[in-house]
Amino acid sequence: MASGPAPAVIYRHRLPVRIMHWVNVVCVLALLGSGLQIFNAHPALYWGKDSRPETRVLEIGQRRNGDRLVGITRVGAHEFPTHGVLGVSRGPDGAEVARGFPSWATIPDGQWLALGRLWHFFFAWLFVLNGVAYLLWTIFSGHLQRDLVPTGREWRGIGRSVVDHLLLRHPTGEAALRYNVMQNIAYLSIVFIVLPLLILCGLAMSPWLNAALPGWVDWLGGRQAARTLHFAGALLLIAFVLVHVFEVVVTGLVNNLRSMVTGYWRLPR
Amino acid sequence: MRPVRNPPFEHRRERRRLLRAGLAAVAGGALAGCDALSHDERAVRVLGSAEALTRRVQRALAGRAMAQEFTPADIAPVFRPNGTTRPVGETYSAHLRDGFANWRLQVDGLVERPGSFTLAQLRAMPSRTQITRHDCVEGWSCIGQWTGVRLSHVLQLVGARPQARYVVFHCMDVMDEGDYRAPYYESVDMDDAYHEQTLLAWDLNGRRLPVENGAPLRVRVERQLGYKQPKYVQRIELVDSFAALGRGRGGYWEDLGYSWYGGI
Numbered sequence: 000m001a002s003g004p005a006p007a008v009i010y011r012h013r014l015p016v017r018i019m020h021w022v023n024v025v026c027v028l029a030l031l032g033s034g035l036q037i038f039n040a041h042p043a044l045y046w047g048k049d050s051r052p053e054t055r056v057l058e059i060g061q062r063r064n065g066d067r068l069v070g071i072t073r074v075g076a077h078e079f080p081t082h083g084v085l086g087v088s089r090g091p092d093g094a095e096v097a098r099g100f101p102s103w104a105t106i107p108d109g110q111w112l113a114l115g116r117l118w119h120f121f122f123a124w125l126f127v128l129n130g131v132a133y134l135l136w137t138i139f140s141g142h143l144q145r146d147l148v149p150t151g152r153e154w155r156g157i158g159r160s161v162v163d164h165l166l167l168r169h170p171t172g173e174a175a176l177r178y179n180v181m182q183n184i185a186y187l188s189i190v191f192i193v194l195p196l197l198i199l200c201g202l203a204m205s206p207w208l209n210a211a212l213p214g215w216v217d218w219l220g221g222r223q224a225a226r227t228l229h230f231a232g233a234l235l236l237i238a239f240v241l242v243h244v245f246e247v248v249v250t251g252l253v254n255n256l257r258s259m260v261t262g263y264w265r266l267p268r
Numbered sequence: 000m001r002p003v004r005n006p007p008f009e010h011r012r013e014r015r016r017l018l019r020a021g022l023a024a025v026a027g028g029a030l031a032g033c034d035a036l037s038h039d040e041r042a043v044r045v046l047g048s049a050e051a052l053t054r055r056v057q058r059a060l061a062g063r064a065m066a067q068e069f070t071p072a073d074i075a076p077v078f079r080p081n082g083t084t085r086p087v088g089e090t091y092s093a094h095l096r097d098g099f100a101n102w103r104l105q106v107d108g109l110v111e112r113p114g115s116f117t118l119a120q121l122r123a124m125p126s127r128t129q130i131t132r133h134d135c136v137e138g139w140s141c142i143g144q145w146t147g148v149r150l151s152h153v154l155q156l157v158g159a160r161p162q163a164r165y166v167v168f169h170c171m172d173v174m175d176e177g178d179y180r181a182p183y184y185e186s187v188d189m190d191d192a193y194h195e196q197t198l199l200a201w202d203l204n205g206r207r208l209p210v211e212n213g214a215p216l217r218v219r220v221e222r223q224l225g226y227k228q229p230k231y232v233q234r235i236e237l238v239d240s241f242a243a244l245g246r247g248r249g250g251y252w253e254d255l256g257y258s259w260y261g262g263i
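Residue numbers (numbering that gives the first Met the number 0), protein chains in the order written: chain A, 0 to 268; chain B, 0 to 263.
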């Protein structure tokens with residue numbers, strides 16, 4: 000049996016963090032899906048206070064090709080063919096429909112702005128309340144200082160950390176106990192920059208809140224700029240989730256998943 | 000001993016296949032679940048419960064605040080029309096032919112002195128001009144200059160009764176959305192009705208309100224989304240509940256599932 004030292008198992012994630020993490024997973028998925036549903040009601044973005052063709056930065060639309068509609072995406076002055084995914088895609092019944100994001104990416108799956116808004120605002124509340132709870136926990140439990148803020152030595156080792164990540168070289172043993180500096184930067188910038196900006200830009204789209212403080216939306220570039228930033232923030236969040244899930248898989252899916260469910264994590268050898 | 004051909008590889012491939020199938024099932028199931036919930040009345044009520052929270056919090060933060068006003072340089076070259084761009088039917092056409100000379104705005108319901116006003120009478124009332132941004136629920140925005148009489152002035156003329164809780168706007172355009180066909184109507188509460196910027200507007204950008212933007216009269220409720228600001232208004236009714244109107248939710252789009260509170 001004992002052919003070597005037994006794998007060290009540590010208690011890595013405490014219960015509040017585990018609960019808040021999974022609430023977050025549900026919220027982020029619901030917010031992304033319903034957000035794309037809302038975006039589909041007017042699949043274009045602008046920079047400024049209002050929407051007009053001169054200030055358009057992105058448009059997901061269609062082009063007529065003979066008697067056929069072809070899905071295209073315009074970024075600034077450039078047009079890209081995105082048929083099948085953006086602009087025109089297959090709906091739940093298998094037929095091609097003209098819509099911004101495809102039905103498999105939106106909540107609900109059909110075009111239904113009213114319901115998309117109900118989903119979005121319900122989960123926005125849950126997400127914000129969960130986020131506030133996380134901030135309070137992370138600050139008052141010492142998690143922030145202990146685990147998330149990189150030490151001076153870690154900052155100096157950032158170059159090696161980048162190379163290690165690119166080569167998929169992951170720390171083992173004792174070294175794996177601490178989040179590495181790349182992880183810290185990713186977590187801290189998502190929690191303290193991207194998410195607050197995302198929420199702020201979301202609030203900037205509420206006409207009632209626009210009235211609360213004179214002109215505050217103009218700090219973000221205007222109402223439509225805020226909408227564009229909200230969308231850009233969502234893209235960053237998707238990128239974070241993809242990298243996060245990728246790293247979870249390559250560093251041991253089962254071990255990582257178990258630690259986020261039960262708290263217990265086996266040190267990689 | 001039985002020869003085994005590369006078992007770890009086979010094992011891994013099987014595990015990958017299972018994992019992929021599992022992920023697809025979870026993702027597909029989650030989406031299908033979201034769609035099923037969207038059709039479930041109780042689930043929709045739970046999702047919609049956030050509306051009351053949003054309304055209360057936003058009202059507390061910006062009770063009587065004024066919507067942002069802009070400069071003439073901010074006015075959009077074209078004020079984008081949306082929804083109905085010309086009500087169908089002979090009644091509206093006749094009004095249009097005679098320049099709304101025989102058109103009347105009727106004000107009734109829970110008021111002391113029900114009355115009706117011609118466009119000339121409304122135009123003779125004290126007016127307010129404001130350059131504001133119109134935010135459509137679809138996501139686009141447009142800045143325009145509106146001139147009209149404050150709704151509060153008209154409400155004082157007719158004398159709103161204390162039991163009146165909402166102001167309902169009945170419009171001349173009949174909407175046709177899927178299988179639901181009904182005249183457009185909307186409502187606001189008394190807070191919004193008496194707000195400084197809540198107007199019955201007859202001019203857009205210094206000219207008579209164009210047909211596609213709601214001639215002869217449209218409502219401006221600047222701190223709410225576009226669908227709360229009806230065009231082609233012909234009757235204002237003060238009520239204490241929505242029960243007798245449409246499907247009872249306080250507006251045409253509300254009857255089709257949109258939130259009554261349009262401040263977000």
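Derived by calculation from the structure, the hints in this document are not laboratory data.
You may find that some hints are simply not true.
[Stated by the list, open to error] Simulated DEER-style distance windows between Cβ atoms:
no., chain 1, residue 1, chain 2, residue 2, range
1, B, P209, A, G83, 35 to 43 angstroms
2, B, P209, A, P195, 39 to 47 angstroms
3, B, D39, A, E95, 24 to 32 angstroms
4, B, D190, A, P213, 15 to 23 angstroms
5, A, V127, B, G62, 16 to 24 angstroms
6, A, L234, B, D178, 51 to 59 angstroms
7, B, G256, A, A94, 17 to 25 angstroms
8, B, P80, A, R168, 53 to 61 angstroms
9, B, G256, A, V24, 25 to 33 angstroms
10, B, P209, A, R63, 25 to 33 angstroms
Backbone N, C-alpha and C define an ideal beta-carbon position, used for all residues, glycine too.
Right, here's what the structure says about each hint:
{"no.": "1", "hint": "B/P209 with A/G83: 35 to 43 angstroms", "in the structure": "40 angstroms, holds"}
{"no.": "2", "hint": "B/P209 with A/P195: 39 to 47 angstroms", "in the structure": "42 angstroms, holds"}
{"no.": "3", "hint": "B/D39 with A/E95: 24 to 32 angstroms", "in the structure": "29 angstroms, holds"}
{"no.": "4", "hint": "B/D190 with A/P213: 15 to 23 angstroms", "in the structure": "20 angstroms, holds"}
{"no.": "5", "hint": "A/V127 with B/G62: 16 to 24 angstroms", "in the structure": "21 angstroms, holds"}
{"no.": "6", "hint": "A/L234 with B/D178: 51 to 59 angstroms", "in the structure": "37 angstroms, violated"}
{"no.": "7", "hint": "B/G256 with A/A94: 17 to 25 angstroms", "in the structure": "24 angstroms, holds"}
{"no.": "8", "hint": "B/P80 with A/R168: 53 to 61 angstroms", "in the structure": "60 angstroms, holds"}
{"no.": "9", "hint": "B/G256 with A/V24: 25 to 33 angstroms", "in the structure": "27 angstroms, holds"}
{"no.": "10", "hint": "B/P209 with A/R63: 25 to 33 angstroms", "in the structure": "29 angstroms, holds"}
Checked against the numbered hints above, the structure breaks only hint 6 and satisfies the rest.
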